[in-house]
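J.: Residue strings, one per chain:
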Amino acid sequence: MGAEAGKKTGPLAGLRVVELCDAKGAYAGKLLADAGADVIKVEPPGGDASRGYEPFLEDEPGQERSLWWWLYNTSKRGVTLDLEQAEGRALFKRLVAQADIVVESETPGRLAVWGIDYEDLCTGNTGDTSEVIWASITPFGREGPGRDEEATDLTILAGGGMVWMNGYDDHSLPPVRGGGNQGYHTGCHYAFMAMLVALVYRDVGGAGQFIDVNMHAAANVTTEAGSYDWLVKQREVHRQTGRHAAYRQTMLTQVRCADGVWMNTGIAPRRPHEFQVMYDWIAELGKLESFPEAAILLVAAEGEEVMLGRLEEDEDMQAKFAAAREAVMFIAGQLPAVEFFNEGQRRGFQMGIIYSPEEVMEDRHFQARGFPVEVTHPELGRSFRYPGAPWKLGKSPWRIRRRAPLLGEDNEEVYGELGLSAEDVAGLRSRRVI
Amino acid sequence: MSGALSHLRICDFTGQLAGAGATKFLAAFGAQVIRIEDPVLEGRWDVLRGAPPFKDERRGINLGGAFNNHNVEKLGITLNLRTERGRELLRELVSISDVVTENFSAGVLERLGFGYAALRALKPDVIYVSNCGFGHSGPYRDYKTWGPIVQAVSGLTFSSALAGQPPAGWGYSYMDHTGAYYMAMAVLLALHHRSRTGEGQHVDVAATEAAAGLNGPALLDYTVNGRPLRRAGMPDSNRSQFPRMAPHGVYPAQGDDNWLAVSCRDDGDWARLGRAVGEDWAQESRFATLEGRLASEDELDALLGGWSETREMFVSARALRAKGVPASAVQRPQQRVDEDANTEAWGLWPLVTHQEMGEVRVDGLPVHLSETDWSIGRGAPTLGQDNAFVLGELLGVGESELAQLQADGVI
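Chains as they are written, first to last, in the working numbering: chain A, 1 to 434; chain B, 1001 to 1411.
Calculated directly from the structure, the hints in this document are not laboratory data.
By construction, the Cβ of each residue, glycine as well, lies at the ideal position given by its N, Cα and C atoms.
Take these hints with a grain of salt, some might be off.
Derived list of chain A stretches under chain B, where covered just means 3 residues or more per stretch with a C-beta under 8 Å from a C-beta of chain B [said to hold, decoys possible]:
id, region
1, 94-106
2, 139-149
3, 164-177
4, 327-339
5, 342-352
6, 368-378
Could you put together the complete structure from these sequences and hints?
T.: Shown next, in the form of structure tokens:
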């Protein structure tokens, strides 16, 4: 983000958050933290389980080497706390008493057994804590059927309808889970949005409140036609290679370029001027003589727009439409994908190169907008590039203020802010409360 | 209705899902969202307006099922911005709005004369949130996108695939949904900033950047370890690389195109899975550790698939979950919408009343707030449905002028 961003604070600056999340909910805490909130990540003294998740720095396991941990815990302060001990729970209450927001992904019922759930700490005559916004992120919600069942990103996406949508024309191959933990992300997106709604309400004098986030439900309402084709029409869509699942088969849109990289070519050209542009492009490449359908493109350029609704009965339109698709395939076969993408877009075609994640970080547009950001890991004497701002707020920019916390890194500071002395903190440590 | 956001008015140019999804979320919490549509084009800039799915045999600009889904709880007016009176009414509306939202291609609103500087002149603390594929700056600023293009360029299409197959990608516009989520976040973040400081701002949301941040740990495996995801045998996204788990995948089940998802997180899950399936192979010592299971992952998948394919997927999923092993049927739309106890108990598919379509179910929200929960009951506005209320009651246009505006093609 550079020096400019350093002068301004994020939109959530000044807010105190207590985060008690495992791998499922940590992204919600990151969204808050990178937007400026002071997020205190509470881990058990042995460390959060996700510190043991691959990948590791230089492939060597270690609590401070998990890139999963690094990714999902930027800008947070880290403390350890054993909630199994009464002394730990007492400290947790004191942390909550100072918080604007609590976000947790504990199994339903676990906090209540310990007497440290929302009902215990934030309702009734508890003074300041009635202002607390408390979000619970669980696979199936706090109350509903299935609430006690275990889940992972894959099973959330499978039950929630996202897996059904993705895959190949060949239905002997299984449907596909999209990569990157989108089941967790989607639940966390909704948790963050709901916390912000509650915050904006509090800004105009509203009370704090409890937010129940259901990851299964979040996946369910993030499937586009998967849901609404059924809701509106009681019609099921079926997966197709690289394109929208649909109730009937649509045309291929994914082509392989000369360098083997795939492209999404979007919707095939249909308008007269688009046929002309395709013709001119092949001419510029000096390949007209190797493209037999060139003449059809010229005819189509003088004719009317191809209407998808009339395609079935109109053979003339079918020929034009087929020629345009052939032209797209033909040009793809002549060019490396980066060139095809840029040249196609320059000519007005809505197409996209299918980048691998790492290629995004090296792309000139993402770099020009400052998307990759450097994050320093002082204990390693190194810095690494991280994915950057998901939005650009002109007055209150997104920023990674610090790499993910080391285990218990901020114990002294955070517990010191509660009024504990260095000796108190040392005592807590020796009793393994922190 | 009184809601968490009832004190807010949004002058809304958004359409399709990538924009409309954002203001739907805000409207469900009570924000007064006023959609501005072009009477000349009958609002067709939003291609979903008159597009399938249709509820019944009727067709028309007010009958698009997806449009209804994404625009519940909003008001809709028509304004012809080619006319001076139309622009004047828009200026009046902006001056009493908290937020202006749009997901046009970069530069379109500016060319209409309503860029951020112009909006700020009308309302000094206005919040202006734009959302487009590549954002309002940078070399690809003018490139055209929709969901699948955003997903392609940001890495998400690539990372959805089986080993040895081309990208499967996302069978829908995941990033239209999710771009809308980031747009809603941007509006709310800017509102909070305004409460603190009194300042408005422009927020430039680029869906490709929101998407690129969702690549997960694979991205750091590259920037830190130098290991690209474009390599032999990768990606293989039904398996779990981060963290490593096995077995982990989507397995065949009894019946046509039925599938079972299973995640065996650790050795404990494996032992429990063994008790649930009751097969000899599940007791073999070579599979007892993650290392052993990873060494024979293909074989293990074949064995588990052999067990699952003769069994009914919901029965298998229940049997595994009863032992504490995460498992789920790959649910079809009907199963999760009409036959899922959790989504039903949640009230996830509210019924709305639409002026022409009648009663239709729509996507609800996966959050419940104890004090100010969402409410979805009103269908999407038909073209110009709220002209009388917005122009008449909010802007004070008299009845005779309204009739004249209609006659003149201003609304």
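J.: For every hint, state whether the structure bears it out.
T.: Now the hints, each set against the structure:
1. 94-106: violated (count 0)
2. 139-149: holds (count 7)
3. 164-177: holds (count 11)
4. 327-339: Contact hint for the region 327-339 of chain A vs chain B: violated, 0 residues under 8 Å.
5. 342-352: holds (count 6)
6. 368-378: holds (count 4)
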